[in-house]
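Chemist: This is what each chain is made of:
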Amino acid sequence: MRSAAADAAGRAALTDAAPASFASRPDTRAILSTPAPAAVRGDLVNGAILLACVTGGFVAHAHGRPVTAASSFVFAVVLVATRHGLKAGLLSAILASLVYNLLLSDPFLRFGLTSIDDLVPILAFNASAVACAYVAGRLKDQARASEEAQRRVESLLTFSQDLQTTTSLQDMIAAARQSAPGLEALELHLDNGRVISPEQEPTLRLLAAQLRNADCTSLPAENGSMVLCERFSDGLVVAIVPQEHATDAAAHLAIIALAAERWALTHRLVQADVFRQSEQFKTALLSSVSHDLRTPLAVISASAGSLLHYRESLSAEAQQDLLESIEQQSRRLDQLTDKLLSLGRIEGGLDQASMPTVDALEVLGEALVAVRQAAPTRKITKEYGLDHASVRAEPSLLHQIIANVLENAIIHTPKDTTVHVSVASQGGMLLLRVDDDGPGVGAMEAERIFQRFHQGAAALQHKRGSGLGLSIARGFARALGGDVTVVARPGGARGARFEISLPIEEESR
Amino acid sequence: MSSLLVIDDEPDIHRVLRPVLTGAGWEVLGAMTAAHGLRVARANTVKVVLLDLGLPDADGKEIIDQLQTTNPLSIIVISARHQDLEKVAALDAGADDYVDKPFNIEELLARIRVAERRAGSWVDKVEQHSAGGLLLDTAKRRVTLAGEDIKLSPKEFDLLRELISNAGQVVTHRRLLMAGWGDVTVDPQYLRSYIATLRQKLEADPSEPQILRSEPGVGYRLAG
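In order, the protein sequences belong to chains A and B. In terms of the numbering used here, the first sequence opens at residue 1 and continues consecutively. In terms of the numbering used here, the second sequence opens at residue 1 and continues consecutively.
Quick caveat, the hints were computed from the structure, so don't treat them as lab data. A portion of the hints provided could be inaccurate.
Once the Cα atoms are required to be at most 27 Å apart in a straight line, the calculated DSSO-like pairs of lysine-lysine come out as [claimed, not checked]:
| id | chain 1 | residue 1 | chain 2 | residue 2 |
| --- | --- | --- | --- | --- |
| 1 | B | Lys201 | A | Lys379 |
| 2 | B | Lys151 | B | Lys140 |
| 3 | A | Lys87 | A | Lys140 |
| 4 | A | Lys339 | A | Lys415 |
| 5 | A | Lys379 | A | Lys415 |
| 6 | A | Lys339 | B | Lys101 |
| 7 | A | Lys382 | A | Lys415 |
| 8 | B | Lys201 | A | Lys382 |
| 9 | B | Lys155 | B | Lys140 |
Make a model of the complete structure from these sequences and hints.
Modeler: Structural data, given as structure tokens:
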């Protein structure tokens, strides 16, 4: 049963609440701040209705029209009951009964049920009140329910629109945390072992493993909470919510699963694209290998042959020269073999889940030491926004990504320019940036430089680089859930910025 | 003359290594299989073993244990690059160091010299260790870098002692966890943060360490 005051408050709450989110439902706020004036206003209106109808009743009675008089009383009771529910309806019915009995029916100014004519109006007043209040109450409940439902649908719609614009799983989780009510925990557990969680440490690992074995069936958790689970092709969305928010959260989870599915499909499309290119790749590889492998082999073979068969006729200086070129060309062959093996691994696909976590900054440090040894005169500056960033990767892969991008910057820019290395994190991704003061990369060239066997003009001139480094760096980075891209330097500075992005498992500043 | 045993199934590797190792003063013994390698190690006083991991009759790391029961010797594993897990397994099984194939001959000889020193101090009674200007006095638990005192916590000291007594050789994460915590199940993040503090104290630029080098995925190596 509802009181008129609570009803009025409820109405006020509904109109207030329309644009609000699930997270902060304003019912309690409305009840606390608005009931008194609304109730008073309601009572005044009720009073006026009663007064008008009772006056009408008297006028009708005075003109000898008892049916009209009784009807106008019923009308008053119906109006009040419809407007304010059972309690107010019954109250007005009792009032109407008293007034009718005292003033309109005989004996005048005295209570008494002398005839059936006295009883029927009283029964009619009260029965009308109950019936109208019941119907009105149901209507109100339905209106309230449909407004609530609409609000939920709108909120889910906004949420799903928000998800459309997110590109990373991390952002999806963040958006869900904002939109879904009362989430105690929400994590994405990919089948490859990666976990996306808003917390530093994922908390649902064990649970996710159980759910994975149990076909993702949602089940009740401790102290009135529910465990919810949704599957998508690459993993599970797992959440813990209080019982009362389970329906809303389940809808959110379904939307997240859809968005994650879209994410997974996009990833697979990229991979399919890579696969499509692999035929072209093999052709290009064969033609390139014949050239790139044969050149150093020719030098080695000729040098060794000369030393073996014509040593007597060669000066000591020439002999030294031949020996050095054997060593040099062997190193070149070794590097090229490494790169070809890497391409083979990218083509074959990599299983990131089986890889350990490594400190990317430690790998960066070693790569920098090596680069400085190879190019001791080159000025390299650093700016670290992080102390430590773990990523899931094989150390040798990570080393190649970083070393190739660094080497690219060194090879393709003039010797007297500076290379600037910086480290930051953004949206769960580690960003390793290598900026240079060189000629920059034109918009036309920006994608081509990542293609296999593409060589910049400078590299062709100086016969350095294999045209594979950036392609390998990007191939590995993408296999690790990241990327390598080239962008203009911020603030319109001269040169290019190569950005390696990789998903962070753990970081510290 | 000290003996060095090369266990590798590639005849060309023997052919190219023998002259340069002989030139460096070693008596060079060779074996093409694991079984043969073990026999040669038992029959001779071998000081250093170069062990290829891919042998026809056994996985190289399976004989590390047996090799070491024959003599106090140092084992340098020769592995293909990108086999981080294999390397770590071999090192944890007791190998002293590793060299990637194809190796730079100068680097190989340098590693052999470090291994020889280690094999010489098999029963380690040396109270003072030094490497790269670092001096660590075990008895006094005192560390100096280029003559200057370095304040270290007990755990930092234990880790540095492990590294310095293997100076020039890689020390796996597992061995460092044993040295610092006596427990290999300790979260490796602790080790990482202790190494970071050590670098703060020892390195000119801790983000590009020159003394306490990383071998990502394998362990750490004190330059020396």
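Chemist: Now tell me if each hint is right for this structure.
Modeler: Evaluated hints:
{"no.": "1", "hint": "B:Lys201 to A:Lys379", "in the structure": "holds (25 Å)"}
{"no.": "2", "hint": "B:Lys151 to B:Lys140", "in the structure": "holds (13 Å)"}
{"no.": "3", "hint": "A:Lys87 to A:Lys140", "in the structure": "holds (15 Å)"}
{"no.": "4", "hint": "A:Lys339 to A:Lys415", "in the structure": "holds (25 Å)"}
{"no.": "5", "hint": "A:Lys379 to A:Lys415", "in the structure": "holds (9 Å)"}
{"no.": "6", "hint": "A:Lys339 to B:Lys101", "in the structure": "holds (15 Å)"}
{"no.": "7", "hint": "A:Lys382 to A:Lys415", "in the structure": "holds (18 Å)"}
{"no.": "8", "hint": "B:Lys201 to A:Lys382", "in the structure": "holds (20 Å)"}
{"no.": "9", "hint": "B:Lys155 to B:Lys140", "in the structure": "holds (15 Å)"}
Checked against the numbered hints listed earlier, the structure breaks none of them; every hint is satisfied.
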